[in-house]
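Letter 218 of the sequence shown, counting from 1, is numbered 218 in the UniProt record's numbering, and no numbers are missing.
Note that these hints are calculated values from the structure, not bench results.
Take the hints with a grain of salt, since some may be wrong.
[What the hints assert, rightly or not] Restraint-style ranges between C-beta atoms, simulated for each label pair:
1) Lys94 x Gly299: 48 to 54 Å
2) Lys125 x Gln281: 17 to 23 Å
3) Glu138 x Ser18: 23 to 29 Å
4) Ala232 x Leu56: 31 to 37 Å
[Unchecked claim] Cross-link-like lysine-lysine pairs, in silico, DSSO-like; alpha carbons within 30 Å at most:
5) Lys155 x Lys135
6) Lys145 x Lys40
7) Lys50 x Lys143
8) Lys114 x Lys155
9) Lys114 x Lys245
10) Lys125 x Lys145
11) Lys155 x Lys33
12) Lys33 x Lys125
13) Lys50 x Lys145
14) Lys114 x Lys50
15) Lys33 x Lys109
16) Lys114 x Lys125
17) Lys155 x Lys142
18) Lys260 x Lys145
Beta carbons are placed, not taken as given, at the ideal position from N, Cα and C, and that holds for glycine.
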Amino acid sequence: KICRNCKCGQEEHDVLLSNEEDRKVGKLFEDTKYTTLIAKLKSDGIPMYKRNVMILTSPVAAKKNVSINTVTYEWAPPVQNQALARQYMQMLPKEKQPVAGSEGAQYRKKQLAKQLPAHDQDPSKCHELSPKEVKEMEQFVKKYKSEALGVGDVKLPRDMNTQGPTRMYIPGGDRSTTTAVGAMEDKSAEHKRAQYSCYCCKLSMKEGDPAIYAERAGYDKLWHPACFVCSACHELLVDMIYFWKSGRLYCGRHYCDSEKPRCAGCDELIFSNEYTQAENQNWHLKHFCCFDCDNILAGEIYVMVNDKPVCKPCYVKNHAVVRDILGFGSLDLLYLSLLQRRDRKYYSQVGNRRILP
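Using the sequences plus the hints, can you model the full thing?
Shown next, in the form of structure tokens:
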């Protein structure tokens, strides 16, 4: 899943078009409780993500005429109250607000590609899976859709107090008694603000500010919009799509990483019982190969360059800069023993020469 020319990941290129992104997310929400967020095309029946686009207009005074300033958000929380959605957007870092044509819109696209890889949910996007592996992957996807996948809900904390069984517990009072109601009316505005705290940063929520709730976490927990992040990569959860596990929020990628090994070569999850581990990473057996020439490295000398394995010939040709520590001018191939690895063993400093990639 890398560019053949520059070797960078797919998320670094504007590869996916908007409709392809919407197909991917639509596929993720298929057969879940979030089918209201998708629509199936009549032509091919493929589910498409009904992304909520928000357009804000405001008049701008000019010398002669009044012009209209329009701001388009490529995604916004699917709430009926546009003022609430606007509040939510203003609480995000400016560089992460998905305004069309902005840095924030590019950030959202990059996170869609990184956090929700198509090959983590669709076997047809993977390479050379056996029928057994396809079946295992389908079961894995079905399981995380039913047990972990969720979409955040933007609400005002004070509104949650009137929603029956999902209302929040307020310390110091029992809502089932009439005396508790009277006691709550006597509390100061400062105490009301302090009764809600963000599950991530632990700071109090400001009165009137929207919060994000995650149904799978329970409605006794809430987050600031800027705090609704993956606990592994700490990036904003794109479109508030989260995976909940053991009291933590995860993006799709890092939830899957917590459940299955991921091949460092092809970026796909490994469903085979046979794979190898090298340099603290997992690899399909045939994917532990030179990052430059693709030759398999089993039993061969290799050098790690930017966390990627490179065979001896490619390292000498493309990466090696040899320096003689003692200042001698003569060089020979013995310097390779300084960083060489064979069969996943590391040979540390030998002799008086070093190699600097």
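Status of each hint after checking the structure:
A hinted range of 48 to 54 Å for the beta carbons of Lys94 and Gly299 is consistent with their spacing of about 52 Å. Taking 17 to 23 Å as the suggested C-beta distance range, the pair Lys125 and Gln281 conforms, at roughly 21 Å. For Glu138 paired with Ser18, a C-beta distance near 27 Å keeps the hint of 23 to 29 Å intact. As the Cβ distance of Ala232 to Leu56 is approximately 33 Å, the hint placing it in 31 to 37 Å holds.
Of the pairs offered as hints, the one joining Lys155 and Lys135 is violated, with about 39 Å between alpha carbons and a cut-off of 30 Å exceeded. Distance check on the hinted pair: Lys145 and Lys40 sit about 19 Å apart at the alpha-carbon level, within 30 Å; holds. Proximity of Lys50 to Lys143 is assessed by CA-CA distance (about 24 Å); at most 30 Å being required, the pair is judged to hold. A C-alpha spacing of about 27 Å is found between Lys114 and Lys155, which places the hinted pair at or below 30 Å, so the restraint holds.
At most 30 Å may separate the alpha-carbon atoms for a hinted pair to count; Lys114 and Lys245 meet this at roughly 19 Å. Of the supplied pair hints, the one linking Lys125 and Lys145 holds, its CA atoms being roughly 18 Å apart against a limit of 30 Å. At most 30 Å may separate the alpha-carbon atoms for a hinted pair to count; Lys155 and Lys33 meet this at roughly 19 Å. The hinted pair formed by Lys33 and Lys125 meets the criterion: a straight-line CA distance of about 24 Å does not exceed 30 Å.
A distance of roughly 18 Å separates the Cα atoms of Lys50 and Lys145; the hinted pair therefore holds under the 30 Å criterion. Between Lys114 and Lys50 the alpha-carbon distance is near 20 Å, which keeps this suggested pair within the 30 Å criterion. With a C-alpha separation of about 24 Å, the suggested pair Lys33 and Lys109 falls inside the 30 Å cut-off, and the hint holds. Restraint check for Lys114 and Lys125: satisfied, since their Cα atoms lie roughly 15 Å apart, inside the 30 Å limit.
Distance restraint check for Lys155 and Lys142: the Cα-Cα separation of roughly 29 Å lies within the 30 Å cut-off, and the hinted pair is therefore satisfied. For the given pair, Lys260 sits about 15 Å from Lys145 by alpha-carbon distance, which is consistent with the 30 Å threshold.
Figure legend: structure checked against the earlier numbered hints; the only hint not met is number 5.
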